[in-house]
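Quick note, the sequences are listed as chains A and B, same order.
With the first letter of the first sequence counted as 1, position 28 gets the number 271 in the numbering used here; the numbers rise by one all the way through.
With the first letter of the second sequence counted as 1, position 231 gets the number 366 in the numbering used here; the numbers rise by one all the way through.
Source of the hints: derived by calculation from the structure; they are not laboratory data.
Quick reminder that beta carbons are idealized off the backbone N, C-alpha and C, glycines included.
There's no promise every hint is true.
Cβ-to-Cβ under 7 Å is the rule here; a few derived chain B residues that face chain A [what the hints assert, rightly or not]: (1) G152; (2) V196; (3) G199; (4) I203; (5) S206; (6) G211; (7) T217; (8) A221; (9) G232; (10) A236; (11) A261; (12) F262; (13) A312; (14) A320; (15) F328.
Here's the letter readout for the chains.
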Amino acid sequence: MTVAPARPRPDLGTLLRYRTIDLVTVATLSVAFGVVFWGWNQLYAVITAGLTFGFPPAAAVLGGPWLLAGVVGGLVVRRPGAALATELLAAVVSGLLGNQWGLSVVVSGAVQGIGAEIVLAVLLWRRFGVTVAAWSGAVAGLAGGLYEANLYYSDWDAGWKLAYMGFFALSGAVVAGIGGWVLVRALARTGALDSFGAGREHHAARAV
Amino acid sequence: MRSWLPGANPLALVAAGLLAIPASLAVRDVRTGLVALGAYALVGALLLPSARRALGRVLVVVVGSVSIVYSTWLLGGRDIGTAVAAGLRVCLLAAPGAVLAAYVDPVRLGDQLGQRLHLPARPVTAFTAALQRFEHLGAVWAQLDRARRSRGLGPSRSPVARGRHAASLAFGLLVSAMRGASTQAIAMDARGFATAQHRTWAEPAPWTRRDTAVLLLGAALAAVPVVLHLAG
Chain A
244 MTVAPARPRP DLGTLLRYRT IDLVTVATLS VAFGVVFWGW NQLYAVITAG LTFGFPPAAA
304 VLGGPWLLAG VVGGLVVRRP GAALATELLA AVVSGLLGNQ WGLSVVVSGA VQGIGAEIVL
364 AVLLWRRFGV TVAAWSGAVA GLAGGLYEAN LYYSDWDAGW KLAYMGFFAL SGAVVAGIGG
424 WVLVRALART GALDSFGAGR EHHAARAV
Chain B
136 MRSWLPGANP LALVAAGLLA IPASLAVRDV RTGLVALGAY ALVGALLLPS ARRALGRVLV
196 VVVGSVSIVY STWLLGGRDI GTAVAAGLRV CLLAAPGAVL AAYVDPVRLG DQLGQRLHLP
256 ARPVTAFTAA LQRFEHLGAV WAQLDRARRS RGLGPSRSPV ARGRHAASLA FGLLVSAMRG
316 ASTQAIAMDA RGFATAQHRT WAEPAPWTRR DTAVLLLGAA LAAVPVVLHL AG
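Chain A with its partners taken away, still in its complex shape (with noise of 0.2 Å):
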């Protein structure tokens, strides 16, 4: 039994030149992720109040699921700009949906999307593993933090604000880093990803 040889990567101009199947795929995991986004605000609502009168900043704890488009999109997709702009696109379909930061999700997502991005881009698109994918995860909650903390909490102090983007950024890593990454590969072992890398590597690893 013999593993074929790992493919060399392309170029990034040939990364940038998106097939069909990349724009429908970004296009298709921001419909499904701006519904759960939509469903984890009418959580977060309910969970929040308990948190909030608690210890405010601990509400940054619930802000790792609206980070997994990037990190999904990114994983699956592997080209450049996948990660932005999913996270964007399904941040803009939970604003259609009605929420409660009106179309300033939009800026969210945007901001959260480039956090994801970042860590990919650094890595040239080339790694995808666990590891990258909590980076990608931090990175994004972090993003997101920065902007919540000067947006919605512009008033609290400046330590408040720091241990709220270490909050966000923990559960970025947590939940759509090492979760987004789990989700990836149990999508992959159905065959629903045997047109992009994560899915081929998988049947590769497990060829007979």
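The hints should help you fit chain B onto chain A, whose structure is shown.
Showing chain B alone in chain A's frame:
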């Protein structure tokens, strides 16, 4: 008259909603916040067709900002004026967009983004197409739910079992959506989607005087807190 605003160009509606974001940054005291929100509320009361629908969306925003008032009071020097101003700021940030988003038709928005803003046609079309499968996703959810229940895998009454049931349905839905994406991409490519040189659109994307008026109205409302802030 009551359909004047909801029927406007989705680009103008989105722009009016987004303009509230920079406007909210000018709210640094309670008076500015109240006047700015009052201006939006007045225009909303005159132009929106359904007060109940709009109020429902505003109420969600207000409930969310209560926790901001409390946390700003607790962690920002225990000054009630600052805390209430922070709450009003977030209301102004979110409420106009939350109300206007209800009137945005995604397909019309896609037409405008592609033809008027000239965003790259392939991503715009792919996203609009994915949005149109939205109802299909609802049907798949119901199907998966029925299938699991009829095999005796339905949830018991406990919230944990219901949560697990919902999670497995969500995963099934995601798998189905990804497979649908493959099928859809093949169908689109078979029609020359990837290699088209000259693209045509099924629907026109007009911009009317009403759309300009909505945009100007949005800009004028957004200017209220900025002017108050500068006049100090």
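Hint-by-hint comparison with the structure:
1. Checking G152 of chain B against chain A: minimum C-beta separation of about 4 Å stays under 7 Å; hint holds.
2. Interface hint at V196 of chain B: satisfied, since its Cβ lies 5 Å from the closest Cβ of chain A, which is below the 7 Å cut-off.
3. A cut of 7 Å between beta carbons decides the hint on G199 of chain B: the least distance to chain A is about 4 Å, and the hint holds.
4. This hint holds: I203 of chain B has a C-beta 6 Å from the nearest C-beta of chain A, less than the 7 Å allowed.
5. At its closest, the beta carbon of S206 of chain B sits 4 Å from a beta carbon of chain A; the interface hint therefore holds under the 7 Å criterion.
6. Hint on G211 of chain B holds. Least Cβ distance to chain A is approximately 4 Å, under the 7 Å limit.
7. For T217 of chain B, the suggested interface contact is upheld, since its CB lies about 5 Å from the closest CB of chain A, less than 7 Å.
8. Evaluation of the A221 of chain B hint against chain A yields a held restraint, the C-beta minimum of about 5 Å falling below 7 Å.
9. Given hint, G232 of chain B at the interface with chain A, holds; its Cβ is 3 Å from that chain's nearest Cβ, closer than 7 Å.
10. The beta carbon of A236 of chain B comes within 5 Å of a beta carbon in chain A, closer than 7 Å, and the hint placing it at the interface holds.
11. Here the hint on A261 of chain B is kept, as its CB sits about 4 Å from the closest CB of chain A, short of 7 Å.
12. With a least beta-carbon distance of about 4 Å to chain A, the hint placing F262 of chain B at the interface is held under the 7 Å criterion.
13. Hint status for A312 of chain B relative to chain A: holds, with the closest Cβ pair at about 5 Å, below 7 Å.
14. With 7 Å as the threshold, the beta carbon of A320 of chain B comes within range of chain A, its nearest partner Cβ sitting at about 4 Å, so the hint holds.
15. Proximity of F328 of chain B to chain A holds as hinted, the smallest CB-CB distance being about 6 Å (cut-off 7 Å).
Of the hints listed earlier, there is not a single one the structure fails to meet.
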